[in-house]
Every structure is written in C-alpha cells, then in structure tokens.
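Undergrad: Sequence:
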Amino acid sequence: MATSAARAAKRARIAAPPPPTPTPTQLRRGDGGYVPGNIVEIELSNFMTYHRLACRPGPRLNLVLGPNGSGKSSLVCAIALALAADPSVLGRASSVGAFVKRGEESGHVKISLRGNTPEHIIRITRKIDTKNKSEWQLDGTTVPRKEVVDLIKKFNIQVNNLTQFLPQDRVVEFAKLTPIQLLEETEKAVGFPDLPVQHRQLIDRSKQLKNLEVAVKQKEQTLNNLKALNAELKKMLNVDLMRKRLQWLKYEMKKKEWIEAHEQEKTMKKKMEETAKIWEDSKRPIEELKKEKMSHTSNTKRTSNQLAENMKKRQDVNIQDKAHASYLEGHVPNYIWKSFITQDASDRDLLVRQFKKYDIPVLNYMGDKGIRTEPFNITMEMQQVGIYSRLDQVFEAPPAVKDVLISQAKLDHSYVGTDETQNRADDVPKLGMSDFWTPNNHYRWSRSRYGGHLSALVDDVNPSRYFMGNLDVGDIERLRSQKDKHMENIEGMVEELKILLKKQGQLEDEAAKFHRKKEEMLCEKAKQDGIKRRVVSKRIMLESIYKEEDMESSKIKLVDQVAKLNDQQFQVVLQRKDLLIRAVVLKRTCTQENMASIELDTKIWEMEKNVQKFERDAVEAASGYANCKRKTQVHEQQLYIAKQHAESIAKITKELEKEFHKMPATIEELDCAIQDTESEANSMFFLNQNVLLEYQNRKHEIESISEKLEHDKEECQRCHSDIETTKGKWLPTLRTLVSKINNTFSRNFQEMAVAGEVSLDEHGLDFEQYGILIKVKFRQTGQLKVLSAHHQSGGERSVSTILYLVSLQDLTNCPFRVVDEINQVELHEFSYTGTQCYAEMITRMDPINERKMFQQLVRAASQPNTPQCFLLTPKLLPDLEYSDACNILNIMTGPWTEKPAKAWSTGDCWRTVMNVH
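Numbering (my numbering), first residue to last: 1 to 917.
Don't read these hints as lab results, they were simulated from the structure.
Please note that the accuracy of each hint is not assured.
[To be verified] Computed spacing ranges between beta-carbons, pair by pair: (1) R630 to L497: 55 to 65 Å; (2) Q218 to N116: 17 to 27 Å; (3) K270 to Q633: 41 to 51 Å; (4) G728 to G69: 52 to 62 Å; (5) P732 to K270: 50 to 60 Å; (6) A753 to D879: 37 to 47 Å; (7) N211 to K255: 44 to 54 Å; (8) K631 to L656: 27 to 37 Å; (9) K291 to K255: 35 to 45 Å; (10) D459 to N377: 42 to 52 Å; (11) E599 to P375: 37 to 47 Å.
[Said to hold, decoys possible] Straight-line alpha carbon distances no greater than 27 Å define the calculated DSSO-like cross-link-like pairs of lysine-lysine that follow: (12) K402 to K338; (13) K517 to K613; (14) K775 to K740; (15) K609 to K513; (16) K271 to K631; (17) K662 to K629; (18) K271 to K283; (19) K176 to K603; (20) K271 to K708; (21) K255 to K654; (22) K643 to K654; (23) K629 to K643; (24) K587 to K207.
On a predicted model such as this, the values are computed, not experimentally measured, just so you know.
Here a beta-carbon is modelled for each residue, glycine too, at the ideal position from N, C-alpha and C.
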C-alpha cells in the first residue's frame, strides 16, 4: 500500500517561490498544480508484487520511498507499460506476461492523466495476462494500441527516452550512452519535435552528399580519360581544320595589332586635345594678371604723384641732391623728422595735447638765443682727401627748422666727401674731422679715453625714404627696370625688408619715446624760463602801455592781433596734421600697390614658364598623334588583306568556331601541332584501321556521361543547399539548447563545490558524429574529463547523471520524468568469457553529494516550469530540506499494513493508528 507522509514529517522546509504570472513558454497549471499530461492517479491490480495499489502523486517532485524489494521499481514498470512501452524498455522481461503477479492469471494497470483542462481526466487502462495478451481501454472504451500511442505522443511522453524515463534496470544503459546517443536522447526529450527530425535529415542528406561527391569524382575521372583518348585522335583527324585555323589566326593577330594601334591613336588624340586645352586655358589667367598688374602700376604712379605733392605742401627741408638726402636722413634721428617745431611754449603745450594720441613729438625752438655754427671753409688739405661740403650746407630750410636740425644732430660737424674720401678714410681724422660721409659709407671716428687710440665705426648708406619726392620719372623707370632684373630674388628680399622695417620701426618708436621723455624734461625747464621771460616782457610792455595816452585801445588792438596770430598758427598746424595723416595713408597704399605688382610679376613669370611647358607638351602630343594615325592606316591595310585571304580558304561557322577554340592560340604552337599531328596520324592509321570507329563510340559515351555528370552536380548542389538550409535552422537551436543545459549543469556542480560542463561536439558536415560531451571534475586538482567508467566512480557518475537530468528540467517540454534509485547505484565493469558486460550492485552514494543532489532536485522542482518528477529511493538522509513542491510516497508492504493504511488514509496520526498513548 502507498500513503502520503509528507504532512507528518517534522523537518526543515524550503520555502517555495511565489508562483509567477505564466508566460507563453511556461506550463499553465490548474488548481491542483497539474499540467496537461501529468499523472494524477495510478491504480494496479495483480501486477508484479502488488495485489492492489492506488495512489495519487503530486504535480511536482514525488519521492517514492520503500525498502529494497518493496515494489518501487514495480511502480515504474506499471507506468511504462500503461503508456504503451515495450517490455524490453524496462530491462526486466521481454514479454508482458512476466509482469502478472505470481499465482494470478491476469492483472491490469490504470493511469489517469490530466487533459487539456483541469476537469478533463484521461484514463488509460492496460489489461495483461500470462499469455502475453494486452487489452487497451481509453476512458473505459476498448481501443487499439495505436490510439493510445497517438494520445501520449500529443503530450510528448517518451517512455523509451532515458532522459525522461530511467528505470533502475536501465541506469547502466544511460551510463553506456555515447555522446552521439546522448544527443539523440536529449533532442527527443526537450520537446522540440523538429530537432531530431532535422538531425536525421541532415545525417541522411550528408550521406547522400558524400555518395554524390564520390560518384561525381568517378564520372569526372572517367570522362577526362575518355576525352584525353579522343583528344589525341581528334588532333590527328583535324589537320585540315588546323590549316584553316592558321589563316584565321594570322587574321586575328593582324586584327589585334590594328585594335591596339587604333586604341593608341584614340589615346593620343585624347591626350593631344587635353594638352591643347590645358595650353589654351593656361594663357587666359596670364592676360588677366597682366591687366591687373597694369591697374596696380597705374595706381602706384597716381599714389606716388599724390605723395610727392603732399610732401611739397608739408616739406620744410629741400635737398637738390639725392645722395645728400640719404646723408641727411641717415644723420638726423628719426624722431626729429616726425616732430613739429614751435617758437612759443604755449603753442608747444597746445600741440602736445592735440597730438598726444598720434605719438608725434613737438620741439620748442628758442629763437632769441640763436645757434652758433662753426664757419665752413674748404682748405687745400680737405680738397685733397675729397671733402667738398658740410651737412649743414647741403639743404635749405626755414631758420628755425635748420637751427633745430643743426643743434640736435650736430650737422656742422659732419662733412661730405667723394669716393676719394672713402679711399683715404684713414687720413681724414688727421684734419680734425671725426664724422664724414662718402657715397657708400658713413665714417665716425672716436678716440679712446684711456689709451688715446683711434677707432672707426663704418655704416652703409641707406637710400632716403623721406625725400623720395625729388626723384624724377627717369629714376623711377630705372628702378623699375632694376626690379625686373632681380625678380627671381625679390620675394625673399621683400620678406626680409618687411622684417627689417618692422624692427626698424620698433627701434625708432623706442628711440622716439626716449627722446620724447628727454624733450619733456627740457620743455619743462624751458617752460620755467619762458615764464620768467614773459614776466619781464609783460612788465616792459605794461610800462610802455602806461606811457601811452590811450592805454585801453592799445590793449584791445594787441589782444586782437594775438588772437588772429593764434588762429592762423592753429589752422596751419591742423593742415600739417591732415597732410601728415594723408601722407601715411598714401605711403601705405603705394607700398601695397608695389607689393601687389611684385607678386603679380612673380605669378606671371611662373605661369609663363608653365605655358611654355604646356606648349611643348601639346606639340609632342600632336606629333605622337600623327605617328599613331599613320601606323593605324598601315595596320588597317594589312588587316584587309589578311581577311580576304582567310575567307578565301574557309568561311566561319558556329561549328567551325567551336573547333577553332579548342586549338592552340598562337601561330608557332599551331604550326608545331600540325607537324606533330601529321606524323602521328600516319603512324596510327598504319597500325590500326578501326581508329575512326573507336573514336565515334567514345564520343557517344562522353556525351552520355556528361549528361549524367551534370545531373549529379545539380543534385549535389541541391543536396548541399538543403543541408545548409536545414543546418541553419537546426544548429543554432541546438547550440542555444546545449548552452542553456551547460549553464544549469555548471551552476548545479558549482553549488556542490565541484565543476562540470556540457558542450556540443561538432564535426562540420559529418552530422552523424555530432554529440554531447559531459565533462566533470570532482577534485580541486586536475582537469575536466569526459564522463565515463574509466575516469569517474559509480557514485560520481550517478551524481553527474541526476544533475544532467535536473539540467533538463526547465527545457524539457514533457509532462513528467521518472528516475529509479539513481542515488543508490554504482557501476563496475568486468570481463566475462571474452565479452564485456555490466553488473550492478547496491551501494551508498556519498552522503554529502546525496544531500546536495537532493537540494538541487527540490529547488528544480520548485521552479514554475518544472515538469512532474518521480524519484525512487530506498531511503532518505535525515534532516533534509523540503518545499511545498515535494510529495513523499511511502511504500510499505506486509501483513500488518492494511489496517494502518486505511486509518492513515483518513488523516489520523501514527500514534492513533498504532494505539500508542
């Protein structure tokens, strides 16, 4: 009798997770937790050790407990036989009559399965007798076995699949499964009906593909041999065709030469047109640049004229000689040339305020003191060394301006000489002249304070910048011609000039600032002196005014005169300021125009060089085109003659063209082939008169084999395409499936402090060799090894087997799984009379591993997608952890079990049943 003892056991429990909301991939359970195909009730009568049995297993994990020999495996056999399994699947007997209880004539097994709805219960009954006859009933109606088989197929119940149904007597068979067989069983167990079908299709098609490839290779070899034999004969029979081919080959050679010449002519013509176009296009920018240069030249002349006129309006210093202008400009500091000169301190203060933002210095001239200059006399000694003038004598200027220049720059101590002066520069200091100018150099002699030695400082004479207005048109044209001669070096010189001018300007500005500070200090002193002088002057004026009779009228008259003079002087200053600003603008404009003109000259020169190169290229291209055209005409005439000769020998037809393609492609090779063929044909016809007949027979055989070969190749391609298509569906799904199994398998092993993995053993297109490898490691050291009797003990294989089955829990789309005493079986191998066989013995799985394995089973059974599971074992370890998903079925047999079983089935406790108080 079997009873449920789960509610009576006072043990620790594993809290089952709350049921999640079902997804499309999850099993939809009814109120009792059953899913379609679950076993809801088992009823036995006169079956093996049972006289009668009725039990209701739970929807998740069912632990069937009972001592050895109590009938646990009989329960497994009953489930298998009721679900149309062959007796050989159980490994106990080959006929159903052996499962009838001893001493009885017949018995039956009834299995109740949950249908598609919770209310629908399907009852399958199988009646058996000792004569090995079976009667099938479905819901009480007698039906053929096929109808029962079709029904259980709908629920994906596979009793013959060891991954779903593992009875005790077939545990050894699971361990003997090869990786290939394990893959087949796993494909069937996961509930994807297409996987095993596709795998079988791939195996069949790959075998077919191999056979086709072998057949194609054999036919190709045979065909090549036949073609080789006929090819030798065909050469001997085609001497006349070869001669015809020779003439057309000569024509083709001439045609090829003509085509090459024609293509070369077109290439040269295109090149000639391109070079001519480039040449013409390169001329246009030069003309535009020349017009632009003329515009810049005109602007430069106009600006130069305006600048000269501006200088005339504002120039106080006039120099007739250009060389003297350079001497004077180089001798006088730059800040003086930019200065305004006043003769009254108040005027100076006014200009300082007005020109402060322009950074223009203002010098005040004290006219009442006068400037004492050295008298200038040319002596005979001075004439002998080339001295002919002094710097204060070479220019004209208003007295105030001239006095300021002489006093500030000491012009009366600097002399002017000729080239002779430069040659006798060492003699000049002996005449008492320490500063003098020559056409090329400026000499300044000084005597050491300590040793009294003379030393000279020699500078180059720079051309004048401020007195360019005195240059005539001839000078400008001469300078322009010199500029044209040095055009190649002008760019570098201009850049250097810009840098030097910039540095010079900076230095001049710094010098001007220093001089301005000095001037301010002098002005301050002069201002005080001026105040004193004005006080004296005003006192004298006041005394004279007192002497006059009409003092008031004289005062008014003087005030008016002073006001007019101040207005006139202020207007003059403003005009000079405007002229100076205008001169700066004109100077900048003139410089920009000159620079633009220089850049345009450089561009024009470079472009003219390019135009000359383009012109040479165009002439060369035109000459090359003319030569190519003449060659093309010659080749065209030769082609016409060769074609006429070839057509006179043979007209081209499609058949003749095919034969021509099989012959040598060069004239030399074809001549040699004609000679060899003539020699071989003469010797062969002499030895064998049936050569032509053999040639025709082989020709027909070649055509027949070619057709079959083409058909086989097409079939091979179709087969290969079918394999790739099916493989594209099967292999990714299988890889994903194995990956999921491996993840669960590895995680379960890690939780048991060991290591394991599941992998797919792939073999390319040899699908028959694909398999699943289970690799495990039960020790810290060492590597993962394939699960086998050579590497692992029986207990280790038992753990690996049950954990592999647990790994299939979430993936298997089947209603239930049965595992019989896997935790109690250890396998050993031994040889017997020269053959290998397997024996089984009862042993204990390691308690630690058995406890961990049981926890894995409980956790797996607690998952929402887990199918119904039956685990048969003779005992359980104490203090195991359970969850609500566990259901314990205790099998107790003997003469004293009937009464307690009836009482216990009513819900009474054990003490009440046994009258224990």
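Undergrad: Now tell me, hint by hint, if it's right for this structure.
TA: Cross-check of the supplied hints:
no., hint, result
1, R630 to L497: 55 to 65 Å, "58 Å, holds"
2, Q218 to N116: 17 to 27 Å, "56 Å, violated"
3, K270 to Q633: 41 to 51 Å, "19 Å, violated"
4, G728 to G69: 52 to 62 Å, "53 Å, holds"
5, P732 to K270: 50 to 60 Å, "56 Å, holds"
6, A753 to D879: 37 to 47 Å, "19 Å, violated"
7, N211 to K255: 44 to 54 Å, "50 Å, holds"
8, K631 to L656: 27 to 37 Å, "32 Å, holds"
9, K291 to K255: 35 to 45 Å, "55 Å, violated"
10, D459 to N377: 42 to 52 Å, "27 Å, violated"
11, E599 to P375: 37 to 47 Å, "53 Å, violated"
12, K402 to K338, "15 Å, holds"
13, K517 to K613, "62 Å, violated"
14, K775 to K740, "15 Å, holds"
15, K609 to K513, "50 Å, violated"
16, K271 to K631, "17 Å, holds"
17, K662 to K629, "35 Å, violated"
18, K271 to K283, "19 Å, holds"
19, K176 to K603, "94 Å, violated"
20, K271 to K708, "56 Å, violated"
21, K255 to K654, "20 Å, holds"
22, K643 to K654, "18 Å, holds"
23, K629 to K643, "21 Å, holds"
24, K587 to K207, "99 Å, violated"
Hint violations for this structure: numbers 2, 3, 6, 9, 10, 11, 13, 15, 17, 19, 20 and 24, all remaining hints satisfied.
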